[in-house]
Amino acid sequence: MKTLNKLSYKGFLNKIGIYGMDKYEDIILIPLITEDPIILIGEYGTGKTQLLNNLAKILNLKHQHYNASLISFEDLIGYPFPNKKTGEIEFMKTEASVWDANSILIDEINRCKPEIQNKFFSLIYERKLEGMELKNLIYRWAAMNPPPYLDEDNLHQEYEGVNYLDKALADRFSMFIKTPIWTQLDESTKNSIISDRLEKELAPDKDFIETLTLLKKELKESLGFQHHDINKYSIFVADSLAKNGIDLSTRRVKMIVKNLITLSVITGKKEFLFFYDVLHFSIPHRCFGVRINSDLLKAIHDKAFTEYINGNIDYFHKFYFVRNFIQKTEILINKIKDPYERGLLLTNFINDDVNPIHKKAYLYTLFPLLMSGRIDISFQALELVFLNIMDFYKYNIEIDNEEENDISLLINLNNNFIDYISSKLNQEDNSKMVNFIKLFLFKIVEENPEISKEIIDFLINEMKDFCKEYYFNEKEEL
Amino acid sequence: MNTGGPLSRRIIDKMAIRNINIDCFFKVETIVGFKLKDDNEYDRLVRIITEFCKKKKYKTLDELKNLIDLPKTRLIGIETNSKDLSKVIRNLDVASVEEILRNALILSLTTESLIYDYERPVILNKKNLDRSIIFYNIGGFYANY
Numbered sequence: 073m074k075t076l077n078k079l080s081y082k083g084f085l086n087k088i089g090i091y092g093m094d095k096y097e098d099i100i101l102i103p104l105i106t107e108d109p110i111i112l113i114g115e116y117g118t119g120k121t122q123l124l125n126n127l128a129k130i131l132n133l134k135h136q137h138y139n140a141s142l143i144s145f146e147d148l149i150g151y152p153f154p155n156k157k158t159g160e161i162e163f164m165k166t167e168a169s170v171w172d173a174n175s176i177l178i179d180e181i182n183r184c185k186p187e188i189q190n191k192f193f194s195l196i197y198e199r200k201l202e203g204m205e206l207k208n209l210i211y212r213w214a215a216m217n218p219p220p221y222l223d224e225d226n227l228h229q230e231y232e233g234v235n236y237l238d239k240a241l242a243d244r245f246s247m248f249i250k251t252p253i254w255t256q257l258d259e260s261t262k263n264s265i266i267s268d269r270l271e272k273e274l275a276p277d278k279d280f281i282e283t284l285t286l287l288k289k290e291l292k293e294s295l296g297f298q299h300h301d302i303n304k305y306s307i308f309v310a311d312s313l314a315k316n317g318i319d320l321s322t323r324r325v326k327m328i329v330k331n332l333i334t335l336s337v338i339t340g341k342k343e344f345l346f347f348y349d350v351l352h353f354s355i356p357h358r359c360f361g362v363r364i365n366s367d368l369l370k371a372i373h374d375k376a377f378t379e380y381i382n383g384n385i386d387y388f389h390k391f392y393f394v395r396n397f398i399q400k401t402e403i404l405i406n407k408i409k410d411p412y413e414r415g416l417l418l419t420n421f422i423n424d425d426v427n428p429i430h431k432k433a434y435l436y437t438l439f440p441l442l443m444s445g446r447i448d449i450s451f452q453a454l455e456l457v458f459l460n461i462m463d464f465y466k467y468n469i470e471i472d473n474e475e476e477n478d479i480s481l482l483i484n485l486n487n488n489f490i491d492y493i494s495s496k497l498n499q500e501d502n503s504k505m506v507n508f509i510k511l512f513l514f515k516i517v518e519e520n521p522e523i524s525k526e527i528i529d530f531l532i533n534e535m536k537d538f539c540k541e542y543y544f545n546e547k548e549e550l
Numbered sequence: 099m100n101t102g103g104p105l106s107r108r109i110i111d112k113m114a115i116r117n118i119n120i121d122c123f124f125k126v127e128t129i130v131g132f133k134l135k136d137d138n139e140y141d142r143l144v145r146i147i148t149e150f151c152k153k154k155k156y157k158t159l160d161e162l163k164n165l166i167d168l169p170k171t172r173l174i175g176i177e178t179n180s181k182d183l184s185k186v187i188r189n190l191d192v193a194s195v196e197e198i199l200r201n202a203l204i205l206s207l208t209t210e211s212l213i214y215d216y217e218r219p220v221i222l223n224k225k226n227l228d229r230s231i232i233f234y235n236i237g238g239f240y241a242n243y
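For the record, the sequence lines run as chains A and B. Residues in the first sequence are numbered consecutively from 73, following the working numbering. Residues in the second sequence are numbered consecutively from 99, following the working numbering.
Where hints are given, some of them may not hold.
Stated by the list, open to error - Dumping the calculated BS3-like pairs for lysine-lysine here, alpha-carbon to alpha-carbon at most 27 Å:
#1 K431(A) to K125(B)
#2 K466(A) to K224(B)
#3 K155(B) to K466(A)
#4 K466(A) to K133(B)
#5 K407(A) to K95(A)
#6 K82(A) to K341(A)
#7 K341(A) to K326(A)
#8 K170(B) to K409(A)
#9 K170(B) to K466(A)
#10 K292(A) to K278(A)
#11 K170(B) to K225(B)
#12 K431(A) to K250(A)
#13 K95(A) to K129(A)
#14 K540(A) to K375(A)
#15 K504(A) to K170(B)
#16 K152(B) to K504(A)
#17 K540(A) to K125(B)
#18 K540(A) to K170(B)
Don't read these hints as lab results, they were simulated from the structure.
Same shape as in the complex, but just chain A (with noise of 0.2 Å):
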């Protein structure tokens, strides 16, 4: 009998030309063996066509591609005529019609007509259509630009003609996966996006197919058995969603569920950052517009994951995944005992691509508990945090020994920030506080004139409560 090598679907993302997703590659396979369909949501270019295609190669499929806003109904199901001997409506195949597919992909499906939106619900979500019921058909696939938020000004639409997706659609896909846009990628990822220039003949890959038909087996077992730490998690998470105003519906808590029994017969155990992931990616309201706070989501999985899921929390993970200063710092206390392993996780917390300005942030502020060695870690990721942000620690001394610098400093600051953060800050009555987060603004504002006050204003709150809780609360053995 054939075993399952878990690994051997590792690099099937590159091999289709696919780059820049490599770590959502154990996530994408997760539609692909619960047969449930899914959309592919991003920006025009990233890549969504072509992986959906491409994957129907590998995996020998009779693929159809509609293109929803130039389809007409007639495409899909060929031309009706009547059968002479039963007397029956039949319809022809062509070569574009659905009836013997193995997969479609539907591109822009936000962007057709809503009577052609509602022609796609049974075929979606039964595999049926005009009653008839599609034996051949496994996957269903379809792509989408994002459409703006609500709470955006609409005038600045970026695509003419995408709409919002009618809720109900939404919620027969199971997944929604997001593709990441050229300035997310990093400079390996978009050089070999750019070598990779030759068109591939993909043929189907033996082994890739194999390996889904074990995966599909084996979750036909799990299934089989009631999952009650993966029901609690999904059961909080919906109920913490609903909370705060963001509601699921019973048919979506249970594809999470499902999804997240997936995801651990694919990797075999239950990982902090794969189950966010995953939740993230099985919410649909990026279809219909609606914005969910990243940190609210990431609140309710951390809390859920801890208290119901007997998994392996990876530290090392969390720490990036956290974005607040105070509970990124409990981990570097309590979680992470040995100095080196600190300092391995800052060193590499520093390569990183997260975002540049909250790292910096969240490094000039732990800065002192570092070198007072309230938190001890090994000299060389002390020096290199140093390096990192030894310019807002020289900042003030050096435009105080150079007038010229000075006077940059006082052109290059955008007025504005400089009122909004002084009004924000001056509240406080501590004063040392008060400036040693006024230092570090001022620069990284002349350093990102761009930078929006949303982002300022996390970072006033995140410093201000770091500062409280460490260096202002007389609390001094950690």
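For chain A, the structure is supplied; the task is to place chain B on it using the hints.
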């Protein structure tokens, strides 16, 4: 936006930034340095220290750490060109051995990125010694509040 003139507001902000400055924000722990006239002087400086160690029968330079009262906390330094820093040694003939040793040790325990750490090994070379540095106690940021 213009009430009072944007310039006046800028001056206020400028003062606010200056408030952060040096000793009232991060405490200046010490100032050390050498500004000797040429390479021969630096060779002489190294000779003074190594001969001192020989006389004391020290096997490593690290043993000097026990002799001199050095800061035990980590410090960050800012290199300075300021000429009026009295603690910077310009002439070996007029400085005491203790002063020379203290300055040399602190500089030898300070990395290129200007972090001083008592636990580091003493590395005596011209590149390390030919610096004038103001050291700040960043770790003491909260302590004297």
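- prompt: Within 27 Å, alpha carbon to alpha carbon, are K155(B) and K466(A)?
  reply: Violated - the C-alpha atoms of K466(A) and K155(B) are around 41 Å apart, more than 27 Å.
message: Does K125(B) sit within 27 Å of K431(A), going by the straight-line distance between their CA atoms?
response: Roughly 25 Å between the alpha carbons, so the hint for K431(A) and K125(B) holds.
- prompt: Between K466(A) and K133(B), is the straight-line Cα distance small enough, at 27 Å or below?
  reply: holds, 22 Å
message: What's the verdict on K466(A) and K224(B), does the C-alpha distance respect the 27 Å limit or exceed it?
response: Since the Cα atoms of K466(A) and K224(B) sit roughly 24 Å apart, the hinted pair holds (cutoff 27 Å).
query: Within a Cα-Cα threshold of 27 Å, do K95(A) and K129(A) meet the stated pairing?
result: Holds, because 22 Å separates the two Cα atoms, which is no more than 27 Å.
- request: Mind checking the alpha carbons of K341(A) and K326(A) for me, to see if they're no more than 27 Å apart?
  value: Holds, because 20 Å separates the two Cα atoms, which is no more than 27 Å.
- request: Take a quick look at whether K407(A) and K95(A) sit within 27 Å of each other, Cα to Cα.
  value: Status holds; Cα separation ~24 Å.
- prompt: Hey, K540(A) versus K125(B), does the alpha-carbon distance stay inside 27 Å?
  reply: holds, 20 Å
field: 27 Å Cα cutoff - pair K431(A), K250(A)
entry: Distance of about 24 Å is within 27 Å: holds.
message: Hint check: K170(B) vs K409(A), CA-CA at most 27 Å. Holds or violated?
response: With a Cα-Cα distance of about 23 Å, the restraint between K170(B) and K409(A) holds, given a limit of 27 Å.
Agreement of K82(A) and K341(A) with the hint, judged by alpha carbon distance not exceeding 27 Å: holds, 16 Å
task: Take the C-alpha atoms of K170(B) and K225(B), compute the straight-line distance between them, and say whether it is at most 27 Å.
output: holds, 23 Å
Checked against the numbered hints listed earlier, the structure breaks hints 3 and 16; every other hint is satisfied.
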